[in-house]
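**Student:** The residues making up each chain are set out below.
Protein chains: 2
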Amino acid sequence: MRVLMVALISLILASCGNKSADTDTDIKPDTQKTYSWKLVTTWPKNYPGLGSAPENFAKKIAAMSGGRIKIKVFGAGQLVPAFEVFDAVSQGTAQVGHGAAYYWTGKAKAAGFFTSVPFGLNAQEMNGWLHYGGGLELWRELYSPFNLIPFAGGSTGVQMAGWFNREINSMEDIKGLKMRIPGLGGDVITRAGGVSVTMPGGELYTSMQTGVIDATEWVGPYNDLAFGFHQVAKYYYYPGWHEPGPILEFIVNKEAYASLPSDLQAIVESAARAVNQDMLDEYTARNNSALVELVETHGVDVRKLPDDVLTELRRLSAEVLDELGQDSEISGRIAQSVMEFKKQAMEYHAISEEAYYKVR
Amino acid sequence: MRVLMVALISLILASCGNKSADTDTDIKPDTQKTYSWKLVTTWPKNYPGLGSAPENFAKKIAAMSGGRIKIKVFGAGQLVPAFEVFDAVSQGTAQVGHGAAYYWTGKAKAAGFFTSVPFGLNAQEMNGWLHYGGGLELWRELYSPFNLIPFAGGSTGVQMAGWFNREINSMEDIKGLKMRIPGLGGDVITRAGGVSVTMPGGELYTSMQTGVIDATEWVGPYNDLAFGFHQVAKYYYYPGWHEPGPILEFIVNKEAYASLPSDLQAIVESAARAVNQDMLDEYTARNNSALVELVETHGVDVRKLPDDVLTELRRLSAEVLDELGQDSEISGRIAQSVMEFKKQAMEYHAISEEAYYKVR
Chain A
2 MRVLMVALIS
12 LILASCGNKS
22 ADTDTDIKPD
32 TQKTYSWKLV
42 TTWPKNYPGL
52 GSAPENFAKK
62 IAAMSGGRIK
72 IKVFGAGQLV
82 PAFEVFDAVS
92 QGTAQVGHGA
102 AYYWTGKAKA
112 AGFFTSVPFG
122 LNAQEMNGWL
132 HYGGGLELWR
142 ELYSPFNLIP
152 FAGGSTGVQM
162 AGWFNREINS
172 MEDIKGLKMR
182 IPGLGGDVIT
192 RAGGVSVTMP
202 GGELYTSMQT
212 GVIDATEWVG
222 PYNDLAFGFH
232 QVAKYYYYPG
242 WHEPGPILEF
252 IVNKEAYASL
262 PSDLQAIVES
272 AARAVNQDML
282 DEYTARNNSA
292 LVELVETHGV
302 DVRKLPDDVL
312 TELRRLSAEV
322 LDELGQDSEI
332 SGRIAQSVME
342 FKKQAMEYHA
352 ISEEAYYKVR
Chain B
2 MRVLMVALIS
12 LILASCGNKS
22 ADTDTDIKPD
32 TQKTYSWKLV
42 TTWPKNYPGL
52 GSAPENFAKK
62 IAAMSGGRIK
72 IKVFGAGQLV
82 PAFEVFDAVS
92 QGTAQVGHGA
102 AYYWTGKAKA
112 AGFFTSVPFG
122 LNAQEMNGWL
132 HYGGGLELWR
142 ELYSPFNLIP
152 FAGGSTGVQM
162 AGWFNREINS
172 MEDIKGLKMR
182 IPGLGGDVIT
192 RAGGVSVTMP
202 GGELYTSMQT
212 GVIDATEWVG
222 PYNDLAFGFH
232 QVAKYYYYPG
242 WHEPGPILEF
252 IVNKEAYASL
262 PSDLQAIVES
272 AARAVNQDML
282 DEYTARNNSA
292 LVELVETHGV
302 DVRKLPDDVL
312 TELRRLSAEV
322 LDELGQDSEI
332 SGRIAQSVME
342 FKKQAMEYHA
352 ISEEAYYKVR
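Just so you know, the sequences run in chain order A and B. Okay, so the first sequence: first residue is 2 according to this note's numbering, each after it adds one. Okay, so the second sequence: first residue is 2 according to this note's numbering, each after it adds one.
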């Protein structure tokens, strides 16, 4: 009887307790199982704004999951180089990546649509298109063959046109201009007779200083001030026609995501959404004070690109986007979706956001 | 012996099992404990946009917590009337509320600053101020004596100035105008010689139809189309000077929040943040197509308020805000914080968001 009682108690104990998988699977699968993920980024570790988003993502997920998902964040080059993030997550070397879709146009040309296109949507509109205009579904379709699930992962807001050591008074001044400007914006500058150059952020200061390049775009006052471009450039031009609403991305390896129980999947999704807004909030607050410092402390010469230059850049941008839309069947569908959204958004924002900016 | 064994087994069962608090506190407190919360709102159940935010909040929390927090959403009047949401959550009748801070100016006058003020910040700027400009800390300080923790809970974007049955060509046309416009916007209209009226949304259509009021503001195309105001009003004026960036709120009862383990607290916080962006995304997408329908299908006469009227409304708004800032010590600090943020945001947005809208 004593033996029976001990056996019975053991049986009961085995079916409850903290570590018991049996108890868990009865009701909630995997509530004790933990996941160790690697997150690789295209930014230096802890780079202001851009690099703090993946850190916040990891922290939020750790807190919400009670430590069930631990994410270790690697800056560019720590686990894989910046431009191997896409492949690393696709192949499962890391479970998550943080970067920007337009870095992967070599893999899928239409990826360019999902960061920002010249004269395209601003950040608020990009988020509207992605989450309520069919954009995210198209993005996921595009990345599916690569074993990746994309999520919107933050925005810097409208960028600045960049730092110039040459005055831009007409399209003639773009001719021969050596400018660091990647992606579709770079294609537009090339088409305008300039020389678009791609180089890492860390080389820009010296390249401007030594005249290797005449101009560079980067982000906006908050990040630009930190790089000290005001020390090596004469003019700071606006507006950022080439990247009006850049949306960054979290990419998650499909199998890694599928392996999570549904509560952890929901946590990953909401963490991405929360960080997506948080980064824009941070830039919206910090760009302001950085601009004040650039102008009042450093006497930066802030200039608007001439209207006729912007008109011509807009015309060339439409050509570039038109060609991109003809690149493949899915490119065509993405181009159509985003252009229709833009047409309506422009009509409504002309009488709402834009009209309000003018009168306040 | 049999009795002892049963007692022993009962004791063991009582200390493990799904509902056991004892076992849980050993390692991860309360991982099996469930919480049933009530959420009361100031909107009708499932009202488009406004009313879907609390539903999304409840769904996200249920999914992320694996059902550990179950939130039942009550529309206005189902558990408490719309304008008793603040008291109900303060007193713990419900654990969460969803509404807008400017409904509670009778409790704390400075609450008006946390939704939207005439000629104030737009939605992107409000989010920047709240989350990176000290706004949220001030909001929490203001609500603390009421036993409440506020979270940003969505935005409609810039609203429309409203539906009018009187042409507005000068300030003379505001004189005697009976307009449904609550809050600080209403104070401005009163100061301009109009008659500001407060009435529930459900009465507006008939009041416009029968001439009880000459004008009403509501939200924007998406919600306005659903109410059918185009059938009873001649003119649809913009821009929404009175509510340029309304931020809604989730309010959580302090003790209810404190009773949650930290992972569930993190889940509540991120769910609010995700919904905060999600609602703006929804309005950004749906206002567009609703405007197209209003104009193209219903032939709505969309008009801009004259510049001199807007200039005078801006002057009166500054007076109203100045008085509000003098209402109490905390009002003064909030006014100073938001006005400083606005000054910088206007400078930066003039060369970024606003400049881009003009040239794209």
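Please keep in mind that the hints were generated in silico from the structure rather than gathered at the bench. It should be emphasised that the depicted structure is a prediction, and the values quoted were computed from it without experimental measurement. Just so you know, not all the hints are guaranteed correct.
To be verified - Each computed SDA-like pair below joins lysine to any residue, with the alpha-carbon atoms no more than 25 Å apart: (1) B:K305 - A:R361; (2) A:K34 - B:H132; (3) B:K359 - A:E168; (4) A:K344 - A:R334; (5) A:K73 - B:E270; (6) A:K255 - B:K60.
As the list claims (entries may be wrong) - Here chain A is said to cover these stretches of chain B; the calculated rule only asks that three of the stretch's residues, wherever they fall, bring their Cβ under 8 Å from a Cβ of chain A: (7) 96-103; (8) 241-249; (9) 285-299.
Where is the CB? At the ideal position from N, CA and C, for every residue including glycine.
**Student:** Against this structure, judge whether each hint is valid.
**Tutor:** Hints and how they fare:
With a CA separation close to 14 Å, the supplied pair K305 (chain B) and R361 (chain A) stays within the 25 Å bound. A distance of roughly 33 Å separates the Cα atoms of K34 (chain A) and H132 (chain B); the hinted pair therefore is violated under the 25 Å criterion. A distance of roughly 22 Å separates the Cα atoms of K359 (chain B) and E168 (chain A); the hinted pair therefore holds under the 25 Å criterion. A threshold of 25 Å between alpha carbons decides the hint, and for K344 (chain A) with R334 (chain A) the separation of about 16 Å falls inside it, so the pair holds.
Straight-line distance between C-alpha atoms of K73 (chain A) and E270 (chain B) comes to about 22 Å, which keeps the hinted pair within the 25 Å bound. For the hint pairing K255 (chain A) with K60 (chain B), the CA-to-CA distance comes to about 23 Å; that is within 25 Å, so the pair holds. Coverage of the region 96-103 of chain B by chain A is violated. Counting CB-CB distances below 8 Å, 0 residues qualify, and the rule asks for three or more. Proximity of the region 241-249 of chain B to chain A, defined as three or more residues with a beta carbon under 8 Å from a beta carbon of that chain, is established by the 3 residues found.
Remark: the region 285-299 of chain B is confirmed as covered by chain A, as 8 of its residues place a Cβ nearer than 8 Å to a Cβ of that chain, reaching the required three.
Comparing the model with each numbered hint stated earlier shows that hints 2, 7 do not hold.
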